[in-house]
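Trainee: First to last, the sequence lines map onto chains A and B. At position 87 of the first sequence the residue is numbered 87 (the numbering used here), and the sequence of numbers has no breaks. Here the numbering used here runs 1000 ahead of the position in the second sequence, where the first position is 1.
Derived from the structure by calculation, the hints contain no laboratory data. Being a predicted model, the structure only gives us computed values, none of them experimental. The beta-carbon is built from N, C-alpha and C at its ideal position, and this holds for glycine as well. Errors might be hidden in some of the hints.
What the hints assert, rightly or not - Footprint (simulated), chain A over chain B, 3 or more residues, beta carbon under 8 Å: (1) 1014 to 1027; (2) 1049 to 1062; (3) 1167 to 1179; (4) 1195 to 1207.
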Amino acid sequence: MKPLILDFKLPRNEDQNPVNYSYDPFESLNVICADGTKKPFIDLDASDVEIMTKTKVERERDDDQFLTELGTKTEMTRERDDRHDVILEMMTKTFTVRERDDR
Amino acid sequence: MSILIITSKIDITSDFVIKSLKLKKLSFYRLNTEDIGKTIKITFDFSSNKFLIFDEQVNRTINLLDVKSVYFRRPEVNDELADISPGERNFVRSELLFVLEGIYKILRKAFWINTVHAIRNAENKVFQLLLAKDLQLQTPDSLITNVPAYARSFYQKQQASCIIKPIKSGLVEGVNEEGVIFTNKIQIDADNAERINICPVYLQNLIEKRGDVRVTLIGKKLFVALIHSQTSDEAKIDWRKSCVPLKHTALELPGEIAQKCFDLAAILNLNFAAIDFILDGNGNYIFLEINPNGQWAWIEKQLDFKISDEITTLLADGQVN
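The following block holds chain B by itself, in its conformation from the complex (with noise of 0.2 Å):
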């Protein structure tokens, strides 16, 4: 066995992977973590040097030092504990948390796209930021603050066209409610500035757009898509929020622009990575953000990229050719 795919069930991107896998006939085991617990039994035994996962569903072994790539996506764990409190259910999921660190860790001399530390490392969206300015990179002005007074000065020095956006995911999850934080274009004034000093607001000036661009780096290799973002009111600011696909094209970056994605995965150690431009009216790509673990599959569905054969190919090869 020498490549392990980690995830969960509800992944339909690992699925993509999957196919492709299965199709260069290569060896691979899908990993999904929240049956740890369930159907999937482990054993760490240190005296032996035996790391061992037995999937009963499938009947099968894998010796986890026998992995040599591993393709991380979305692991989950066990949620389903039934008669324990629920600080008990905080104890066990810490527990399987670790668990799964251990295996990372266990892991550690293996091919991956991408490591969690680098994911993790390169998630930061103002560390992006500071990597983008060092490159050179062109980015729309930005500014990080609760201080109301700073926030309404920018506000005015934009002319009064920002917008405001998350620092770290849209995603607002809790126990009876789920949502979504979308990119939005905001009107700071008395009536609302004083509530930005509760939780700081990432701002920055709002820039009439061509469309958006997502570039999927795998290895040596770009996927570029021209989304058509500008066509949808609803996509205008934040092409995510459509929920009608949108048109997409394929793109040929310019030279410099290329090259400064391979800079930015290179120095977060990336094989893999989603980055984010606005091609404004005059050409220019303006960088948004990386996304060290971002979606992709719809992009080869609607282009006919081969982003899972390249992700197989580089899996299989083990290194970036």
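So that you can see chain A by itself, here it is in the shape it has in the complex (with noise of 0.2 Å):
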């Protein structure tokens, strides 16, 4: 028999962040590579976000792609500039990073 609590599970849409960065040991930061350029992940802007998803896109998934799996759904009917918020917001709030037992 199946607790009822679990009735309510959902699938977690983490790790879909669209934008490639990676940690940089010298900054002790995240960092992104927009246009030859290095800069914290934190950052990042409407037109990091411009130029590195076109070239995601034309990579490996079409726009449309992008926005959804970011979990972004009603996200399609925004201005291109407010993605980076959705981004940093997405990856910042709770339940985006693990939130199991703290060490």
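Given two chains presented individually in distinct reference frames, assemble the corresponding complex, making use of the accompanying hints.
Mentor: In structure tokens form, the structure reads like this:
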């Protein structure tokens, strides 16, 4: 018999950030490379997303899928300039990083 | 070296703190604990009283006894272990976790946001509700039970308007599955009540909201955000469920509620806390929970709150002034 609370389990949509970033040990920060320039991921802005998304789209997927995968269903109607805010918010909000027991 | 950030590389929130530390030109080291056993070497030499971390990526040695302040975020352990059995993996994992615990003990004289002990103590939602009631904070009608009859009786008493939520955290994690359980409206009937037997449920009355309030407490400062959760069907019951950013506005708490936030944090020995309230249609602040290691970066971004600046000020001061 399945416990009642498990009826409400939803799949998680994390780790689907379409912007490539990596940890830089010398900066102690996660960084992105947009148009040949390195900058902190948290300083991601609209133009970075535009450049990086375009690259990614050309490489592997269409733009609509990018937004859907981010979990931004109604986001499709938003202005393109808002995307960087969406990415950062989804990456730093509750449940977007592991919320398991603190070590 | 005076400030240590204990976290992992995936923790974007720590990036905000690092950026602020850099702007203030404060000396710090970010310890990504999943690298212990990979690029980070630890040596605890008890006879010479040296407790060292060597980061070979940046060729830097940290003496833990030199650390004055610690920001504790999201440590992880190295899971990339090849050629060993599951039991051996558990053993190594346990050894690594105990090394981490040892690091926390070595750092026991430093100033922490927050100590691991305080975080673990504060996380229990049953304890949180007891303390909230002690402080005479308004709370929802709440019941935790695995007795179907009690659950059905509570449900009827609330005019069939109840929510169900996890007692601990909403994370469902396994080898081949990942899921999350948010707060949900529940219908309890003869068909499903028996399934309460197996695992206790946490029920509360469903409260009509004006919005949700997230209070971020750092030392003696509060950053208060009203989350406009009622503008989205998806977010009405649990704002975390929203796939799109919700509108936030800055809010000022009534003095009595603000003081109770500080009182609650003081009881729990917390220098940082994320406290959730419902703001109902009558202007009442109804306490939901306190998260001693909650997320905050998206609020800083949305409302231009100086949260990371406040955290680094506190770390630099090494005490709550």
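Trainee: Decide, hint by hint, whether the structure agrees.
Mentor: Against the structure, the hints:
Given a C-beta distance limit of less than 8 Å, the hint that chain A covers the region 1014 to 1027 of chain B holds, as 4 residues qualify and 3 suffice. Coverage of a stretch by a chain is defined here by at least three residues with a beta carbon nearer than 8 Å to that chain's beta carbons; for the region 1049 to 1062 of chain B and chain A the count is 3, and the condition holds. Closer than 8 Å: that is the beta-carbon criterion, and the region 1167 to 1179 of chain B has 7 residues meeting it against chain A, so the requirement of 3 holds. Using a Cβ-Cβ cut-off of 8 Å, 6 residues of the region 1195 to 1207 of chain B lie near chain A, which meets the minimum of three, so the contact claim holds.
Going through the hint list in order, the structure satisfies each hint without exception.
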